[in-house]
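Protein sequence lines correspond, in order, to chains A and B. Here the first sequence is numbered in my numbering, starting from 1 and rising by one per residue. Here the second sequence is numbered in my numbering, starting from 1 and rising by one per residue.
By construction, these hints were calculated from the structure, which means they are not laboratory data. Some clues are possibly wrong.
In silico DSS-like pairs for lysine-lysine, Cα to Cα no more than 27 Å straight-line [what the hints assert, rightly or not]: (1) Lys217(B) / Lys319(A); (2) Lys319(A) / Lys89(B); (3) Lys270(A) / Lys270(B); (4) Lys106(A) / Lys55(A); (5) Lys217(B) / Lys121(B); (6) Lys23(B) / Lys55(B).
Which chain B residues face chain A? A few, computed with CB under 7 Å, are given here [claimed, not checked]: (7) Thr243; (8) Gly307; (9) Ile311.
Computed Cβ-Cβ distance ranges for the label pairs, DEER-style [to be verified]: (10) Asp261(A) / Asp354(B): 26 to 34 Å; (11) Leu451(A) / Ala266(B): 20 to 28 Å; (12) Ser453(A) / Leu22(B): 50 to 58 Å.
Note that this is a predicted model, so its numbers are computed, not measured. We put the beta carbon where it would ideally sit given N, CA and C, even for glycine.
Here is what each chain is made of, one letter per residue.
Protein chains: 2
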Amino acid sequence: MMLEAFFNPKSIAVIGASREPLKVGHRIFRNLVESGFGGRLYPINPNADEILGFKCYGSVRDVPDEIDLAVIVVPARVVPSVVEDCGLKGVKGIIVISAGFGETGKEGAQLEREVVSICRKYGMRMQGPNCLGIINVQNRVNASFAPSMPLPGNIAFVSQSGAIGSAILNWAIRNEIGFTKFISLGNEADLNAADFLEALGEDEETRVIGLYIEGVKDGERFIEVAGKVTRRKPIVAIKAGTTDAGIRAVSSHTGSLAGSDAAFSAAFKKAGIIRVNTLEDLFNLVLAFGSQPIPKGRRVLIVTNGGGPGILAADACEKMGLEIASLEYEIREELRRLMPPHSSLSNPIDVLGDADEGRYRAALEAGLKSSNVDGIIVILTPQAVTPYDRIAEAVSEIGRLSDKPIIASFMGLEDNSAAIKTLKKGRIPNYPFPESAVYALKSMYEYSLILSSPIEERIPHVEVDVERIRSIINNVRLEGRLNLTINEAMEVAKAAGIPMPDAAIVRSKEEAGIIADRIGYPVAMKIVSPDILHKTDIGGVILNVRSRSEAEENYDAL
Amino acid sequence: MMLEAFFNPKSIAVIGASREPLKVGHRIFRNLVESGFGGRLYPINPNADEILGFKCYGSVRDVPDEIDLAVIVVPARVVPSVVEDCGLKGVKGIIVISAGFGETGKEGAQLEREVVSICRKYGMRMQGPNCLGIINVQNRVNASFAPSMPLPGNIAFVSQSGAIGSAILNWAIRNEIGFTKFISLGNEADLNAADFLEALGEDEETRVIGLYIEGVKDGERFIEVAGKVTRRKPIVAIKAGTTDAGIRAVSSHTGSLAGSDAAFSAAFKKAGIIRVNTLEDLFNLVLAFGSQPIPKGRRVLIVTNGGGPGILAADACEKMGLEIASLEYEIREELRRLMPPHSSLSNPIDVLGDADEGRYRAALEAGLKSSNVDGIIVILTPQAVTPYDRIAEAVSEIGRLSDKPIIASFMGLEDNSAAIKTLKKGRIPNYPFPESAVYALKSMYEYSLILSSPIEERIPHVEVDVERIRSIINNVRLEGRLNLTINEAMEVAKAAGIPMPDAAIVRSKEEAGIIADRIGYPVAMKIVSPDILHKTDIGGVILNVRSRSEAEENYDAL
């Protein structure tokens, strides 16, 4: 895959590896050792002979072997010199874990630029600085702080925040959620979100990419790359810093600009990225995308052993634009023979409080058989005689054979109960609340629409004539002005691809008539004067002028 | 308290108590025995001598003792006769667990009415039928299916759905959330939501009431009672059946009408009920209300050891209408001395990834001291060296002394980790995602506004002239019609307090002029004819008629 040195290194050096158990340089080296990495490992530390049984070198240049990847955990001011060493050694990729760069102010930013230019000189790529590192679960590279790795799975995560990154990893490990890769972006001095998205787009094992971002370095490229990736697999993203309060917090966090929320909305839409508003939703969605097929339509079957949760799910479906499916008459009649007389066979199907796995199985199979159903929500509430485990088995078994998504909401059970573990093993995403299950299915449906809409149609491409804008602004500056004239402002807008009505400033009755003729009717007329701010207040605006004579009359009136 | 027989019975009979471990009649009796109830228990079953060591009686009338509460678990058709027995015995309250009443159709509804009339005859009150029962944690009455009781606490729950009820109980038990009472309403043939809300309003130990409802029996009384209760403690409610799909599901679930969503919104608003849209939000809010003081304003301090989650929290605050507080200059300077140089002391306060309990303590204490702060969100992400447990201790300790709400978001930790347990013991509500913590605080602020707004101002009271409406409708029925005339419809609307323009049907040019004069100008004129549905299509509507002569002309035109 792309970025091979980062994802599939054959040999890794840890520069700043330490023997002190509490130091980050120790943790990262230990993680690499304990994660089961099959390649060669080299701790670099001039003050140690060996670390965890591995021979230590004073400099990466002393290692008698090629180095694909170097993980750097030394104080910021020392980073340039060790990066120089890496370059001389012919290292392909470096990960700078160390903080103390662009995020701390001017001096740090200078140091960061210095490191980037060393990388450029040697053709090395860099992840970070100021990041948690990288994990590739498949080939067991854990070049990060994380104490353990998630299980293997289909989800990749890319995070601009280290703290969110560690929360994501903890969540995955604690909930036994399978991952492919985890990337902490840090300051993105060289490699940025687009680079990693591009690589993950080509990664066969990754079915869905989760993304936490605060800002984007090169918007055009980000949209282009993400737009290609989302043709192949979904990207689910949370954008932090969407409000004034959040933007202020971003700027005091990383010093970067968060960008306007509307711009991000448009960019995400164009790129086909599914946007979520909370971290919880981000987790909920990658779970579903990572394990279930994409629905072909919006028609949902709800199967439940309790009326209340079924109603909540039906409400959620309608609110979110999904449709409650109607089963075909024959399928419903067949089901009727398998259900007790009081069961409600309209959708939601209520298999009743004393339902066993047989009733759940019958209802789910009806949903799979029906050509009116695109996806299934299966709800279980813990009632006196509910055989959770056997029902979980049945759902998982049916899920394995299904080409329609099945999303579960087994409510009120412990995470480590046998039923929940069975669902996990069966790759049935489970949500403790029915509304979250519906939200997951709705987002999968949304992705089916993204897949089927030509990328060009999402948002028209806008040509921006940057040169033209620059020359207008420069001219204003040269003249020492602080404002644009109306004509200049309209020219800038036009050059930026913003549609503007034809307009001109006229200075006589005759000119008004001629220009109005040229523009075509109806036209609007306004007073232009620096002294008049609120034109309508003084009758300074006349709309719907329909002829040359009207235009001439109105000029006089104005 | 009110409904004493239900909440604090001295003696309980279980009619239909069984020796078969899987039967509901056994479970309920066993729950009463094992919950540690201090009063006297009597199993009633003509076919058993003793159950779980308690002497069994053939009928409640054979019990040589007074009975406060009878829990009835016999088949529906037998219920009237045992209720009659209860009446003769002088039982004060009955809980009918059995299903097979109004929820099953006409016959069941007839049976239900029969049972109610027996209750009325003897002055007994009834909970149910078709319910899970009741739990009073304080005096250890577990007259329900639930296998065990929640811990003692401050939250009461009232549920119209049995399945949701059991999910609520499981949630409480699994998460060690403390409850006061739990009530499953069932069909509400006699006692309804308002009755139990009224009783819980007077219950000193209950600080917050959670409510799941699908429909309300007596809307006026519900609003009146709930309006009084919410002056004393918050009611957090979820209304199921708010969409067409949900309403259809409600009607196939209980046969009852769900009522319009707009009507419920208005009713909840008038009653000062806090409405949530998901079950998860319901749980999240009762947790906060049950343990933290109500904030006096909307200004929030965010304390975090990671930038990303702080930004998400700041975004959430602004989106939800909370304000990011500014600390006073002196407090900030004092804090600066206690924090490392890179900490961000603007709000969110970033105590940095290596923060210990000392930094958290300093930041929280600054928040308590500041008169610009009304509530605190404290976020922790699991980083390499984070001493979770000691930080949880510090937060709990400060929480004990605080009169401002403190809400935690310790992210990515296991539910049974020491830190999470410490927060629970310290009564600090904890949410794994920062947005949920903000939502809780925002809802508490919302309640502070409810408390400070006079109830009369919430929504003006509308006088409905029910008699007038009834007589109009009766008249239409008598005439065998299925539609109201325009005049009748307007009269009904007026009688219901809906403002209507003055209007009349006229049958001549002269009449049109006279009536238009009487109404006052401008008036609108329309054709009234059963043959014409879309009046505007054929020019059958004329607006802005300004004088008698215009009215006369237009009459001719129409």
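Quick rundown of the hints versus the structure:
For the proposed pair lysine 217(B) and lysine 319(A), the alpha carbon gap of about 25 Å is at most 27 Å, so the pair holds. For the suggested pair lysine 319(A) and lysine 89(B), the alpha carbons sit about 51 Å apart, so the restraint of at most 27 Å is broken. Distance hint between lysine 270(A) and lysine 270(B) is unfulfilled; the C-alpha atoms sit about 43 Å from each other, more than 27 Å. Distance hint between lysine 106(A) and lysine 55(A) is unfulfilled; the C-alpha atoms sit about 38 Å from each other, more than 27 Å.
A threshold of 27 Å between alpha carbons decides the hint, and for lysine 217(B) with lysine 121(B) the separation of about 21 Å falls inside it, so the pair holds. The straight-line distance between the Cα atoms of lysine 23(B) and lysine 55(B) is roughly 19 Å, inside the 27 Å bound, and the hint therefore holds. Taking 7 Å as the C-beta contact cut-off toward chain A, the hint placing threonine 243(B) at the interface holds, the least distance being around 4 Å. Using the Cβ-Cβ criterion of 7 Å, the hint placing glycine 307(B) at the interface with chain A is satisfied: the shortest such distance is roughly 3 Å.
Nearest Cβ of chain A to the Cβ of isoleucine 311(B): about 4 Å, under the 7 Å cut. The hint holds. Our hint of 26 to 34 Å for aspartate 261(A) and aspartate 354(B) holds, since their Cβ atoms are close to 32 Å apart. The beta-carbon spacing between leucine 451(A) and alanine 266(B), approximately 42 Å, falls outside the hinted interval of 20 to 28 Å. In this structure the supplied range 50 to 58 Å holds for serine 453(A) paired with leucine 22(B), their Cβ-Cβ distance being about 54 Å.
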